[in-house]
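For the record, the sequence lines run as chains A and B. Its first residue numbered 1, the first sequence is counted upward by one per residue in my numbering. Its first residue numbered 1, the second sequence is counted upward by one per residue in my numbering.
Among the hints, a few may not be true.
Stated by the list, open to error - Below, a list of computed lysine to aspartate or glutamate pairs in the EDC-like style, where the Cα atoms sit at most 20 Å apart: (1) B/Lys284 to B/Glu254; (2) B/Lys226 to A/Glu57; (3) B/Lys284 to B/Asp261; (4) B/Lys7 to A/Glu57; (5) B/Lys184 to B/Asp371; (6) B/Lys121 to B/Asp111; (7) B/Lys174 to B/Asp187; (8) B/Lys184 to B/Asp171; (9) B/Lys7 to A/Asp56.
These are computed hints drawn from the structure, not numbers from a lab. Treat the numbers as computed from the prediction; the structure is a model and nothing was measured.
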Amino acid sequence: MSWRGLAMSVLAFLFTAVLSAAVIAIGPGEFASRTLLTVLVSPFVWGLAMFYCYWDEIAWRPALALGMVTGVCAVVITVFEVRL
Amino acid sequence: MLRDRLKRMNHLHTVIGVVLGWLLFTVCFSGSVAMFYDEMVDWEDPGARRLSTDVPRIAINPMIDDFIHRYEGEVTNLFLSLPGSEAPYYRLFGSFKTEDGTSERETQRYDLVTGEAIGAKLDGPATWLLRFHQNLQIERRLGRSLVGIAGVFMLVSLLTGVIIHRKILKDLYKLRWHRSMHLKWKDLHTGLGVWTLPFSITISFTGAILGLVVLFLPILALLAFKGDQEAAIQAITGPPIEASGVAAPMAPLEDLLNRIDSETPYRADGVALEHYGDSNARYKVFADADSELVRFVQVDANAVTGEYDPPSLLFGGLPQSPVGRVYAAITPLHYGTYGGMLLKVVYYFVGMVVTLSIAIGTLIYLERRLDGPIGHRSRGFYVAISRINAGLTAGLALASIAIFYTDRLWGMLSADRSYASALAFLSIWAAAIVWALVVRHPRNTARQLLAGTALFCLGLPVLDMATAPGAPQTHAALVVNAVIFVSGALLGAYLLVSRQAERRTQQAPTSALVATQQHPVAQNR
Numbered sequence: 001m002s003w004r005g006l007a008m009s010v011l012a013f014l015f016t017a018v019l020s021a022a023v024i025a026i027g028p029g030e031f032a033s034r035t036l037l038t039v040l041v042s043p044f045v046w047g048l049a050m051f052y053c054y055w056d057e058i059a060w061r062p063a064l065a066l067g068m069v070t071g072v073c074a075v076v077i078t079v080f081e082v083r084l
Numbered sequence: 001m002l003r004d005r006l007k008r009m010n011h012l013h014t015v016i017g018v019v020l021g022w023l024l025f026t027v028c029f030s031g032s033v034a035m036f037y038d039e040m041v042d043w044e045d046p047g048a049r050r051l052s053t054d055v056p057r058i059a060i061n062p063m064i065d066d067f068i069h070r071y072e073g074e075v076t077n078l079f080l081s082l083p084g085s086e087a088p089y090y091r092l093f094g095s096f097k098t099e100d101g102t103s104e105r106e107t108q109r110y111d112l113v114t115g116e117a118i119g120a121k122l123d124g125p126a127t128w129l130l131r132f133h134q135n136l137q138i139e140r141r142l143g144r145s146l147v148g149i150a151g152v153f154m155l156v157s158l159l160t161g162v163i164i165h166r167k168i169l170k171d172l173y174k175l176r177w178h179r180s181m182h183l184k185w186k187d188l189h190t191g192l193g194v195w196t197l198p199f200s201i202t203i204s205f206t207g208a209i210l211g212l213v214v215l216f217l218p219i220l221a222l223l224a225f226k227g228d229q230e231a232a233i234q235a236i237t238g239p240p241i242e243a244s245g246v247a248a249p250m251a252p253l254e255d256l257l258n259r260i261d262s263e264t265p266y267r268a269d270g271v272a273l274e275h276y277g278d279s280n281a282r283y284k285v286f287a288d289a290d291s292e293l294v295r296f297v298q299v300d301a302n303a304v305t306g307e308y309d310p311p312s313l314l315f316g317g318l319p320q321s322p323v324g325r326v327y328a329a330i331t332p333l334h335y336g337t338y339g340g341m342l343l344k345v346v347y348y349f350v351g352m353v354v355t356l357s358i359a360i361g362t363l364i365y366l367e368r369r370l371d372g373p374i375g376h377r378s379r380g381f382y383v384a385i386s387r388i389n390a391g392l393t394a395g396l397a398l399a400s401i402a403i404f405y406t407d408r409l410w411g412m413l414s415a416d417r418s419y420a421s422a423l424a425f426l427s428i429w430a431a432a433i434v435w436a437l438v439v440r441h442p443r444n445t446a447r448q449l450l451a452g453t454a455l456f457c458l459g460l461p462v463l464d465m466a467t468a469p470g471a472p473q474t475h476a477a478l479v480v481n482a483v484i485f486v487s488g489a490l491l492g493a494y495l496l497v498s499r500q501a502e503r504r505t506q507q508a509p510t511s512a513l514v515a516t517q518q519h520p521v522a523q524n525r
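My request is simple: use the sequences and hints to build the entire structure.
Pasting the structure below:
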């Protein structure tokens, strides 16, 4: 596996984890349901993020997009309290 | 542009197959075998088999009292497993917290007719194979996470596989059996992959969820709950019931179970005993839900009064919402527990087909580099990988069946049966890999190892009857004997047919040459 592929997989995982945490923190619906929903969709989100990294012909574009969304979600987690 | 994308998708499909092919093969193979975990537990314990467990329930509370007083320390978790066709005895599991703060897990069996304590059943090959599938027999969290990650990558591999095969419906019925090895493998890989696609998606998705929960929960707890994992769990399942500290007599458990069996459509299978002996104690009864897409039906009861709440399809405090219902379906979907024995058999054979498809994918990769123009490394490198591949894949099959022999002939007598299973499994697997590296032709090695596997499979019912002549052939034991015998027969038949086909392919150029020489036009030249 190329180093680029490995880095993209790790970035996609970080994106999934931080996005999931942000959804759990301030997402709509009952807390338990949205947590379970997040866990249920996480394999798809991670898989699709990796897929997107390979689908886009310009290598830096998916990295930038995923990185930006991850950054925004990280700010959400840091600033907002968990809505139970 | 589309061509470039397809090329990248093909690359991703190949990369996943090469990097994780062996892990996916190992997980899929062990998972298929572990489908019959319950039945194998009965098979490997012939001394405890009973043809019928349909006897009136005896007093259960004295067994619980005996278990609690048998070990030192405060009991923190207590679970009772009721007699069934696969385990015809009462089993109590408990965690005991000692004074130095450590926790010891204990288990004890009780006779279903007399209620007397009988020797603890030691974990045999069935448990080894199940744990190997669930966490690769390494540290639980790391192992489960790795298996979950493999599930995600398998999903991506399936997606890319669908995209790169442009004529997917046509490929369903294409099998050029008598053509070159490469074409035969390619057709098999595509055909088997497409036919089993819905099953593969289900298994990889549910497996990814079951594995990733262990990885995701601490990360989510760290991010959303500042690292408090307990708070994260309680936020989902609700706060736990606290003990009052006031002792109270417990309602007879057998009465409650008899009432649940007669008044509800479900049959009790096990009970979690919370704060046993306390006035806030609860019996959480788990019942089989064979026809429902949930692992268990849960019936909560007051352990002092014996009154129970209506049965719930959502066990373990899952939220009463569609999401909770979907989450509850993940485990039965993965283990095929919702459709009886026939579904388990279907899961087993389709799982084996998926395993075969993964193995063929690796073979295609190696074959194109060994005999084709692709590949950046030396031929010696690919030869070595090819040999390891033969030993690793065929050796896993051999080790998985051989441990039933070593366990029956030696492991059952061993003081540490689990260790004996581990030692036998790893030794046989390692020996197969070494054998593959020593012997020159990897295809012959794989064939020899698979022939050994087929013979072991065919001999398993004989081993069972020979080593435990008086043991009754229960439903579970019959299923294990029959499925493994049929697997051995199918594998043996495949080996014979593929050998003949290969010989025919090798002879084909010679025959074609002879035919050309006999042709009138050729003779005139």
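Hint check results:
1. B/Lys284 to B/Glu254: holds (13 Å)
2. B/Lys226 to A/Glu57: violated (38 Å)
3. B/Lys284 to B/Asp261: holds (14 Å)
4. B/Lys7 to A/Glu57: holds (11 Å)
5. B/Lys184 to B/Asp371: holds (15 Å)
6. B/Lys121 to B/Asp111: Measuring from Cα to Cα gives roughly 12 Å; hence the hint holds.
7. B/Lys174 to B/Asp187: holds (6 Å)
8. B/Lys184 to B/Asp171: At roughly 12 Å apart (the allowed maximum being 20 Å), aspartate 171 of chain B and lysine 184 of chain B satisfy the hint.
9. B/Lys7 to A/Asp56: Holds, at about 12 Å.
Checked against the numbered hints listed earlier, the structure breaks hint 2 alone; every other hint is satisfied.
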